[in-house]
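**Student:** For this one, chain C is given, so just place chain E on it according to the hints.
So the chains spell out like this:
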Amino acid sequence: MAEFKLNEGRLQELITKLRDAGYRVVAPVEEEGAFVFKEVTEPGQARLDVLRTARSIKEWFFPRVEPTLRYEFDGSAVRCESGLPESPQKTVIIGCRPCDAASLPMLDTLFDWDYRDEYWFRRREATTVISVACDVPDSYCFCTSVGGSPEGTAGADLLMRRTADGGYLLEPLTEKGRAIIEAGEGVLELASGTEEVLVGEVPQRFALDKVKPWLDQNFEHDYWKEISYKCLSCGICAFVCPTCHCFDIQDEADLERGVRIKSWDSCCFPIFTRHGSGHNPRPTRDTRYRQRVMHKFRYYVDKFGVTACVGCGRCSSSCPIDMNICSVVAGVAELAESSK
Amino acid sequence: MSADIYAPYLMRLEEIVDEAPGIRTLKLAFEDEAAGENFSFRAGQFGLYSVFGEGECTFCIASSPTRKGYIECSFQQVGRVTRALRSLEVGDTLGFRGPYGNWFPLEQMRGKNIIFIGMGIGLAPVRCVIWNCLDLRADFRDITIVVGSRNVELLVYKREIRQWEEAADITLVKTVDPGGDTPDWDGKVGFVPTVVEQIAPSPDNAIAIVCGPPIGIKFTLVSLEKLGFSPDNVYMTLENKMKCGLGKCGRCNVGNVYVCKDGPVFTAAELKSLPQEF
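Taken in sequence, the protein lines are chains C and E. The opening residue of the first sequence carries number 1 in the numbering used here; numbering runs sequentially from there. The opening residue of the second sequence carries number 341 in the numbering used here; numbering runs sequentially from there.
FYI, nobody ran anything at the bench for these hints, they're computed from the structure. One should not assume that every hint holds.
From the structure, some residues in chain C lie toward chain E, with a derived Cβ separation under 10 Å [unchecked claim]: (1) 42; (2) 45; (3) 114; (4) 119; (5) 255; (6) 290.
Positions of the beta carbon are idealized from the N, C-alpha and C atoms, including for glycine.
Isolated chain C, as found in the complex:
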């Protein structure tokens, strides 16, 4: 497929073009000292050089909190209205990394497993994803250990790669990606084919094929206690994770009206699985942390054929006590190797 060139200093013009074409543009934007994906209101806010935003792009498809139902009380009767967005705004996310983009098709399987969650899919359909290949990955990155790549294309409609002259090479991957090229006409030019592309290297940190067979056999193992001993059960790992999708459903109301909301949750919290009776199938930190690792590296593979981790490193870089899922899983691979 033909590639296109965005020359140095012309990103703001491209963003303006996209906004003129009716897109809501979302990009890494600084907010109180951190970078998060936000709607760009001034083209200069977008920062494509940010390696790891505080949170992933997940919230643009599956918001942290969203109403699934709004209702009004009328005596003993109730009037309800679905929270499902009729036609979400046409949006382009520009500047996510290939790992974040890869989380999207991974979650498509979950949200379409018999029951199709249109909250997810309507936003998926309305949104174009432009990822930027990583030229300078860091020590938290481990995409290559879970099947990804610093220039992976899974889940992206268009891939941008940094060029040595300070610009970007743009490769459209889908119809939606080609629409971006069209919208950018006048700012983009056809690539010459001689551009030098800058893509960093992410070393492989563990052998994924060793992991699941060991997990299949070792639900009971001292390793779970050892690694989870220091876990605070704070849940930050789940909130920043692009593939964590566990959620809660709660009502909030006053005497006249209310909403039923779906909000992010975490398997690290003790009340996550606690029954009304007080019985808790996962009562301890080790049983909960085991669930986190098992869900991503074993159960999700059994159910959907893919590992539910993209190696973005957010859970590790955000953890207040420096727990690192990459080391944990690398430890599993080592155990698998040594138990041979």
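**Tutor:** Positioned in the frame of chain C, the structure of chain E alone reads:
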């Protein structure tokens, strides 16, 4: 069906039955009659019942699919939503999503002896299949019902237990835990697993359906196994905490099995193969 998988049906509370202290049965009718006519489910399936302003909670459908036009749920008041459910009055509106999950294998049960064992509020999902079988009585051979409770007062479905006791074609055994009897108690005294061993139903051409608290299930399975029941012929329901009921919210799994979609009905053999995390 609505495109919104989280949208509830609106239900009208038709009748309230107080079963035991803190335990109540609600009979619900669909506010939209057409929706009610199109609604069908199978014994063992569950749903999410909601009180607007308070939230949703998960129970089995306790009425039989042979009884059309309404559904029933039985619940024990333990938290915010069950407290709110308990404060509803006849005529009030509530929400229901469902039916979800799998069901008891009525087809395989035909022509067999059926042993129902319900402990405490765990009698609710069993009651659904009991009435389902009784409404199709000729399809089944001997029907034995064992009901157990901590004490006489906490026994649920007292009126129905009386009916089953009086029916000529049902063997009904009721028991309360030691110390839970009253001077006028006319049932057995003893834990359900012990009582099951005493009455010793034959495992030949038989299927057992068991529901109750985890500890009760655990020991009843041991008793059934002693009697010669194959774990493939013992069915039960798991009741894990759920939020969506749709296989998405991520909390009801036992190993790689989602109780809301792969269950809630499992055979003892299936449960044995899972991580013991329920």
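**Student:** All the hints need checking, so say for each whether the structure fits it.
**Tutor:** Evaluation of the provided hints:
Given hint, residue 42 of chain C at the interface with chain E, is violated; its Cβ is 36 Å from that chain's nearest Cβ, farther than 10 Å. A distance limit of 10 Å between C-beta atoms decides the matter here; for residue 45 of chain C the minimum to chain E is near 34 Å, and the interface restraint is violated. At about 7 Å, the closest approach between the beta carbon of residue 114 of chain C and any beta carbon in chain E falls short of 10 Å, and the interface hint on this residue holds. Against a cut-off of 10 Å between C-beta atoms, the interface hint on residue 119 of chain C holds, since the closest Cβ of chain E lies about 8 Å away.
At a threshold of 10 Å, the smallest CB-CB gap from residue 255 of chain C to chain E is about 8 Å, leaving the interface hint in force. A cut of 10 Å between beta carbons decides the hint on residue 290 of chain C: the least distance to chain E is about 9 Å, and the hint holds.
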